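Q: Let's have the full structure, built from the sequences with the hints guiding it.
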Amino acid sequence: MLTWMQDLPNFTAYGTPTYFIYLLVALLPLGIGLYFGKRFSWYEALVSFVFIFLMFDGQSYQQAFSLVAYIIYQTVIVISYFHYRQKQNASAIFYLAVFLSLLPIIIVKFSPAMVGHNSLLGFLGISYLTFRAAGTIIETRDGVVKDLNWWKFVRFMAFMPTITSGPIDRYRRFAKDYQQVPSREKYLDLVAKAVPYLFIGFVYEFVIDYFFGQLWYPFMVKQALLSAPHLSWWVVGVAYTYAGHLYFNFAGYSFFAVAISYLMGVQTPINFNKPFLAKNIKEFWNRWHMTLSFWFRDYIFMRFVFMATKKKWFKNRNVLSSVAYMLNMMVMGFWHGVTWYYILYGFMHGLALVVNDWWLRYKRKHFKIKSTKWTKFVAGFITFNFVVLSFLVFCGFLDKLWFVVPGHH
Amino acid sequence: MTNKQKLWSIFGPVLIAAGLALVVFAIPWKSNNSPATLQKAAVSLSPNVFKNRAIKVQALADKKANYVPFFGSSEFNRMDRYYPATMAAKYHHYRPFMFGSRGTQSLPQLFNMTMMAPQMKNKKAVFVISPQWFVKKGVMPDAFRYYNGTYANLVWLAQANPKSPYDRYTAKRLGELTSDSGTVASYAYKIERGEQLNAFERANIKVRIALLAHEDNLFSGFFLKDNYQKRIQPREKLLPKRYDYDRLYAQAVKAHAKATNNNDLGVLNSFYDQRIKHAKHIAGSQKHFSYLKSPEYADLQVVLNQLKKTNTNVVFMITPVNTKWEQKTGLDMQMYYQTAKKIKFQLQAQGFNHIIDYSHAGSKPGFMNDTIHIGWAGWVDFDHRIAPFLDNPQPAPHYHMNEAFLSTEWQNLTPTATNLQQFKAQHLK
Numbered sequence: 011m012l013t014w015m016q017d018l019p020n021f022t023a024y025g026t027p028t029y030f031i032y033l034l035v036a037l038l039p040l041g042i043g044l045y046f047g048k049r050f051s052w053y054e055a056l057v058s059f060v061f062i063f064l065m066f067d068g069q070s071y072q073q074a075f076s077l078v079a080y081i082i083y084q085t086v087i088v089i090s091y092f093h094y095r096q097k098q099n100a101s102a103i104f105y106l107a108v109f110l111s112l113l114p115i116i117i118v119k120f121s122p123a124m125v126g127h128n129s130l131l132g133f134l135g136i137s138y139l140t141f142r143a144a145g146t147i148i149e150t151r152d153g154v155v156k157d158l159n160w161w162k163f164v165r166f167m168a169f170m171p172t173i174t175s176g177p178i179d180r181y182r183r184f185a186k187d188y189q190q191v192p193s194r195e196k197y198l199d200l201v202a203k204a205v206p207y208l209f210i211g212f213v214y215e216f217v218i219d220y221f222f223g224q225l226w227y228p229f230m231v232k233q234a235l236l237s238a239p240h241l242s243w244w245v246v247g248v249a250y251t252y253a254g255h256l257y258f259n260f261a262g263y264s265f266f267a268v269a270i271s272y273l274m275g276v277q278t279p280i281n282f283n284k285p286f287l288a289k290n291i292k293e294f295w296n297r298w299h300m301t302l303s304f305w306f307r308d309y310i311f312m313r314f315v316f317m318a319t320k321k322k323w324f325k326n327r328n329v330l331s332s333v334a335y336m337l338n339m340m341v342m343g344f345w346h347g348v349t350w351y352y353i354l355y356g357f358m359h360g361l362a363l364v365v366n367d368w369w370l371r372y373k374r375k376h377f378k379i380k381s382t383k384w385t386k387f388v389a390g391f392i393t394f395n396f397v398v399l400s401f402l403v404f405c406g407f408l409d410k411l412w413f414v415v416p417g418h419h
Numbered sequence: 043m044t045n046k047q048k049l050w051s052i053f054g055p056v057l058i059a060a061g062l063a064l065v066v067f068a069i070p071w072k073s074n075n076s077p078a079t080l081q082k083a084a085v086s087l088s089p090n091v092f093k094n095r096a097i098k099v100q101a102l103a104d105k106k107a108n109y110v111p112f113f114g115s116s117e118f119n120r121m122d123r124y125y126p127a128t129m130a131a132k133y134h135h136y137r138p139f140m141f142g143s144r145g146t147q148s149l150p151q152l153f154n155m156t157m158m159a160p161q162m163k164n165k166k167a168v169f170v171i172s173p174q175w176f177v178k179k180g181v182m183p184d185a186f187r188y189y190n191g192t193y194a195n196l197v198w199l200a201q202a203n204p205k206s207p208y209d210r211y212t213a214k215r216l217g218e219l220t221s222d223s224g225t226v227a228s229y230a231y232k233i234e235r236g237e238q239l240n241a242f243e244r245a246n247i248k249v250r251i252a253l254l255a256h257e258d259n260l261f262s263g264f265f266l267k268d269n270y271q272k273r274i275q276p277r278e279k280l281l282p283k284r285y286d287y288d289r290l291y292a293q294a295v296k297a298h299a300k301a302t303n304n305n306d307l308g309v310l311n312s313f314y315d316q317r318i319k320h321a322k323h324i325a326g327s328q329k330h331f332s333y334l335k336s337p338e339y340a341d342l343q344v345v346l347n348q349l350k351k352t353n354t355n356v357v358f359m360i361t362p363v364n365t366k367w368e369q370k371t372g373l374d375m376q377m378y379y380q381t382a383k384k385i386k387f388q389l390q391a392q393g394f395n396h397i398i399d400y401s402h403a404g405s406k407p408g409f410m411n412d413t414i415h416i417g418w419a420g421w422v423d424f425d426h427r428i429a430p431f432l433d434n435p436q437p438a439p440h441y442h443m444n445e446a447f448l449s450t451e452w453q454n455l456t457p458t459a460t461n462l463q464q465f466k467a468q469h470l471k
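Chains as they are written, first to last, in the working numbering: chain A, 11 to 419; chain B, 43 to 471.
The hints are simulated quantities; they were obtained by calculation from the structure and are not laboratory data. Take these hints with a grain of salt, some might be off.
[Claimed, not checked] Below, computed lysine-lysine pairings styled on DSBU-like, alpha-carbon distance capped at 35 Å:
#1 A/232 to B/46
#2 A/232 to B/300
#3 B/386 to A/232
#4 B/366 to B/351
#5 B/48 to A/48
#6 B/46 to A/284
#7 B/178 to A/410
#8 A/410 to B/267
Keep in mind that this is a model prediction, so the values were computed, not measured.
A: In structure tokens, the structure reads:
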């Protein structure tokens, strides 16, 4: 059954330089249209369909079915809730809608830990789509989504440039861009940004990350595993090269996704803003995987703080924010996957945010340290190295080092 | 700025750069590497020599230089003074062109050979087989992708015959190992199903091969690891002027004893210090290793078929393991001998009769460089056995292939005497 789908070539999004040739040629008519003030919706839908299809055909074709089923499922929930919300606003229904929307990802993330293999429901990008759907439900409850139907929602969910790995957009922002055509001047500004973004992406993804991801990181891992299960200096190398690999790979990808969105006349928010220059961990999360951390900030951290304040759960404001930080980061840890290292990663960052807040208060009270180049450097240095350490936990290498029994070479 | 100027300021630089890049790659650059570059490439063991074409084709086509391809894996990186390339430079007429690093098992070698098939036609070659290749899952996808680029894949696809069971098997493996994505995998699956590639697909392959060939001609002479200057040439001087096997052998045993005097395993001192001294959990760590069942047997079969196609006269070597070391790790030596037996059965049943079986040689003094790699006296003996074969004319080989060796039955056959006898009776005439 469906062998034809297995045999078609599969193209991972932005996987090779050639991919961009196909993609840009396909998008050219769209760009010309936008330049002349027209948005060819049907053509855009066609191109998007073809390229999404190419991401999920071939040997991973089961994922295509999971994707379609998932989008239908989420559309039903979101649209039903939207209609309900026009008339009523009971909390229980809202929580039910959010729970149903999160259910697939909960199953997918817990499956490996519970039943030992990946869930069939999963597909590449499910986490990112979950954020979009759940975010839309929350925005609907807040009453800021006024205009929604199934077609608009599907276009938002399946927006091709960002479908597999973000950045995570919000429906309200996206819809505004999508419903109108940018002026010629505005569009040219977008294009003028998109082109250098693409080339920065090329340098990150295909040049720098080649060294980090293909040469240095695997080399360090190999050396470090020679003395498994004991720590060696190579583990330090693993940590730094992985940090480089993760950043250049993901930031490169994000540049591509943003640039392609711009060419399609949609201002997808940027995802990275020189994260390794952050002076403290809070600033780091304002610069690293920004759309994810802002999503968590708005929909988990802030909601929790509001609710706890309203219901007077905590007497002390600082305790409240500490609990909120921990909750926020632990959820993020679980979202990455139910393994000890993702959860520890979330815990480390939660704790770091708490300690950071405490230190800022303590410093203000007890010392008069002037901010100089030197103090900034020290702060940046500590932050960077803490982040690298947390990435070492995150990358799962330690799991391999300590707990995986070495098999045949 | 008018919109026209703005457009030009955005796209002008890109268009000019793209135009220049296209011109550079469309120019059919001639590859002409100097003899010194070829010499360096022959012992560089660099992946860019392995996965590209220009250098090796030029080297093997060079009648005067007399390069002979040596296929193998990690043992080729054990370059003491008795290393085949050093010995050949000192005493013999041929020059080994070494293809082998950790992970270059049968399948990467097949793609390597396919790229230089015309140059291997009716020539000789050496093929070193490690029983360690024959693990349950066969070659690791990462290793395969590291030594095997798009260029080699496309060259293989261009000559693949969807009617041949060998090519269909290879296509299946290629699809699996390239992680199923891109045109290469989809073309490979087509071949696996026994369908011809259509005109468009053939044209696509042709254009891409042409561009990659130009890139190869331009760049592959750079970034070669300079083993020749560092590890071959200086050691040539350490060898006695006149060739005398017994003397060389005795000298190698003696030099080996000196180079391994910080341990009682017969492992090179530096190797011992770095890899063994501080390692825990060695005892019993290989007790459960088995090389008896593996897709590698079928992978080896497609290599043999390729050698038959090019009518290459090959001498095989089956590598030894350090017995003292394996006593510690608990490797089942009977299993090791059985693996060698299974490999030999597959070779001899099809007329590949030049086999140097070192599987029992791992306890000879001075024979091993470290834990699982031959060296020193081992290299002296190896050289002694291959040199007459390579330097003197040999009768043409007569290979007769049998598809039964592609089957999962063979891949998973435990090579007891009865099982082999039965397999022979059922499948081999």
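Q: Now look at each hint and say whether the structure bears it out.
A: Now for the hints, and whether the structure bears them out:
1. A/232 to B/46: violated (54 Å)
2. A/232 to B/300: holds (29 Å)
3. B/386 to A/232: holds (33 Å)
4. B/366 to B/351: Violated: residue 366 of chain B and residue 351 of chain B sit about 41 Å apart, past 35 Å.
5. B/48 to A/48: holds (20 Å)
6. B/46 to A/284: holds (33 Å)
7. B/178 to A/410: holds (20 Å)
8. A/410 to B/267: holds (31 Å)
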